[in-house]
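Colleague: So the sequence lines, in the order shown, correspond to chains A and B. Under our numbering, the final residue of the first sequence carries the number 391; numbering is consecutive throughout. Under our numbering, the final residue of the second sequence carries the number 1359; numbering is consecutive throughout.
Each hint should be verified, as a subset may be incorrect.
Simulated restraints on C-beta separations [what the hints assert, rightly or not]: (1) A/PRO39 to B/GLY1306: 54 to 62 Å; (2) B/GLY1276 to A/PRO39: 47 to 55 Å; (3) B/LEU1132 to A/ILE281: 50 to 58 Å; (4) A/THR147 to B/THR1296: 34 to 42 Å; (5) B/ALA1033 to A/ILE281: 53 to 61 Å; (6) A/ASP283 to B/GLU1057: 33 to 41 Å; (7) A/LYS280 to B/GLY1276: 25 to 33 Å.
By construction, these hints were calculated from the structure, which means they are not laboratory data. In this text, a Cβ means the ideal position worked out from N, Cα and C, and glycines have one as well.
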Amino acid sequence: MEFSIDVDVQRRIEEARELGAKEFRPAGLEADRNAAPLPVDHPFFERCIERGEGRTRWQGLNPPSARPAPTRTVVGTLLVMEELAYWDRGIINAIPGPGLPEQSVLSMGTDEQKEKYLGPFLEPDRPRWACFAMTEPGAGSDAAALTTNAKRDGDGWILNGAKCFIGSASRSDWLLVQATVDPSKGRGGQRAFFVERGTEGLGGFKIEKKMGLKSYESTSFTLDNVRVSAAHQLGAGGRNEKKAGFKTAMQTFNAGRPIIAAQAVGMARSVLDEAINFAKIHDLTKKDRVRDRIEGIARRVRKARMMSVRAAWLADQQRANIIEASMSKALGAQIAQESASFALELLGTMGGAGNHIIEKLYRDVKAMDIVEGTGQIQKMLIARSLVGLPR
Amino acid sequence: MNFELGDDLELVVETARKLAESELTPRLRESEASRAVSEDLLGSWEEIGLAGLEVPEAAGGAGLGAVARVLVNEELAAGDAGAALALDPYGPAFTAILEVAGEDAASEFVASLSRRTARALLIMGEDARVDLVSDQISIDAPWVAADRADVIVVLNGDEAILLREGFTLERVRGAGLRAAGASHLRASSAPIAARWSNSEGAARARSRARLYYASLLIGVMRAACEFSAAYSQEREAFGKPIGHHQALAFLIAEMRIAVDAARLLVHEAAWRVDAGLPSAVEASSAWAECIDVSRTVGPDAVQILGGHGFMADYPVEKFMREARALGLLCGGFDAAIEEAGRELVNSTHPLSLTTHGAN
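Make the full structure from the sequences, and use the hints.
Modeller: What follows is the structure, given as structure tokens:
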């Protein structure tokens, strides 16, 4: 048993801390004040590209041997994510790059698709985004119920439907759209399609107004007889075509749960530091009820962190972590919410004024119990394993 | 970062688990009624070599640390927490001497006691009325989990105080842990056999004592969770196993999450003790967390069994009582959060990812 952090990961955490303080926190506060995501041409994004962010992990079709892919542990990534979320969780999602669909393209895309869709992210000339579109107004947690459909049209497909809450959708070069080709087959009947910006029939983009996490766009849009070629189907013609269905979606979700938990931990840790700071400034540290609340927050943060790290460590060992990942996600989101709520009680009416960062965190953090599978979905997954809860 | 126990600890855990399954669980009501574990069991525990778990190898012990202790305690307590106490001749009294007085004094301490039958008790200043007048001590502890004691160690502030005589144990009914006994401990101007002062050592001794009981609590809660989850798959109501009704399925998931998270805090704090890192806040937090979740996990396990849970035919009522009783020891919840809270409000970024691992 050994819970210390590797020197290399420690260094990355320190870089994240610097970046977070200098870039993430001010950008997040700006977007929250403006109640809108930073515009595409905001200098923040230019600086992201200058720092080398927003690139694909893909090495190109003929990767130069001098550029081996760095092997990074899930634990390392998770701890860096905790640190970044400490400074601003929303901005993490706003960073340019191939984002959520990248892993699906890497594991299931054809070489042509990788070249075409990830190629521009090798050395991006400007901030570029891509997005993965699954959620629909009528299908959130129950993703198998989505109704956006793809119908054969000669050699290609015609897509119809509506998507919502899709991150960065209106600014994406392309959207990987999950659609059903055979609703009778449920998840098995789903496929993913690349839809490029500007394709006829793709439109109705509406950036939603949100309670929190305002620094990235959550966007709804419609697909109205959108015609794409056979080559736009993820994995089309390749050996992965068959498995590139619903699994695409679930795979994108799989590694993510402990990381979302860690981000919730980072936010709760931010709450903790701000609460301590507030208590000191207002000379409250001698009050039992104040110390007790702070102790409660710290204890919750600590346990949620350990749960997220364990789930990530299991993933690094390539061991099954379904229960642990779900437990960490359910717990992390819940404790972060409770922590923010406790901390607002310390602030009293100063919290009610709506201009303290704990108040922002309280609004931001609620989303953590909703994204990547709600707390209830996680508990269903856990209960399936523990007591055989039927589907 | 490594959550693996390693081969040596795996073996120790496995040994404790097997003993708990074969000897403790089947006799839990018997041990409770007789307020003791059998002589045979004490003998085999000593023969395996786990009776002197933390005793240095030079003094004939296993020379293991806080991590080994919390792992073994969980396994034993998953069988019977009272029996776990009865099986340990020295208890956290030993680690208090080890941390405050040092290895030589600790070796002397164990040499004066029988590894098979000794009972050494640790009294925390918070758990009793303790009065010190020059070289004499008076103690009034309404409940200790023992029917007899060879020595008493009082951990009071920065001091560890050893008593070999001048105290009495008067039997009380006990709210739980009866397999270890239950008494009212009194000492009136008893002679102090030895005393040591060491503030860092005393802090570590407190951490180890808290982790000792925290890990017993984890074991009890694990047993409560496992028993009630298994029951929920057998018992049917409204046409299906009760565990397949979402209200109970979620409750069972929540119980498991609570216990897993508390366990990780215990492990992390124990690792810090063994690594020589500051551990006071971590151990206090782990202990507080175990108590916090035991407030619901114990009663929830009974709730899952309904009326049957209330009856002594099933062990869950015992788990509920004993989880609650354990949480009253070692200063309980309030002393733990007080200690952690005081330190936290004096720090600026208490959980930042910079020093000493993930905390």
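Colleague: Each hint should be assessed against the structure and marked as holding or not.
Modeller: Comparing the hints with the structure gives:
Distance hint check for A/PRO39 and B/GLY1306: the Cβ-Cβ separation is about 59 Å, which falls inside the suggested range of 54 to 62 Å. A C-beta distance of roughly 52 Å is found between B/GLY1276 and A/PRO39, which places it inside the suggested range of 47 to 55 Å. Look at B/LEU1132 against A/ILE281: about 40 Å separates their beta carbons, and that is not inside 50 to 58 Å. A/THR147 and B/THR1296 have their C-beta atoms about 41 Å apart, which keeps the hinted 34 to 42 Å range intact.
Distance hint check for B/ALA1033 and A/ILE281: the Cβ-Cβ separation is about 58 Å, which falls inside the suggested range of 53 to 61 Å. Taking 33 to 41 Å as the suggested C-beta distance range, the pair A/ASP283 and B/GLU1057 does not conform, at roughly 52 Å. Between A/LYS280 and B/GLY1276, the C-beta spacing of about 30 Å keeps the proposed range 25 to 33 Å intact.
Of the numbered hints listed earlier, those contradicted by the structure are 3, 6.
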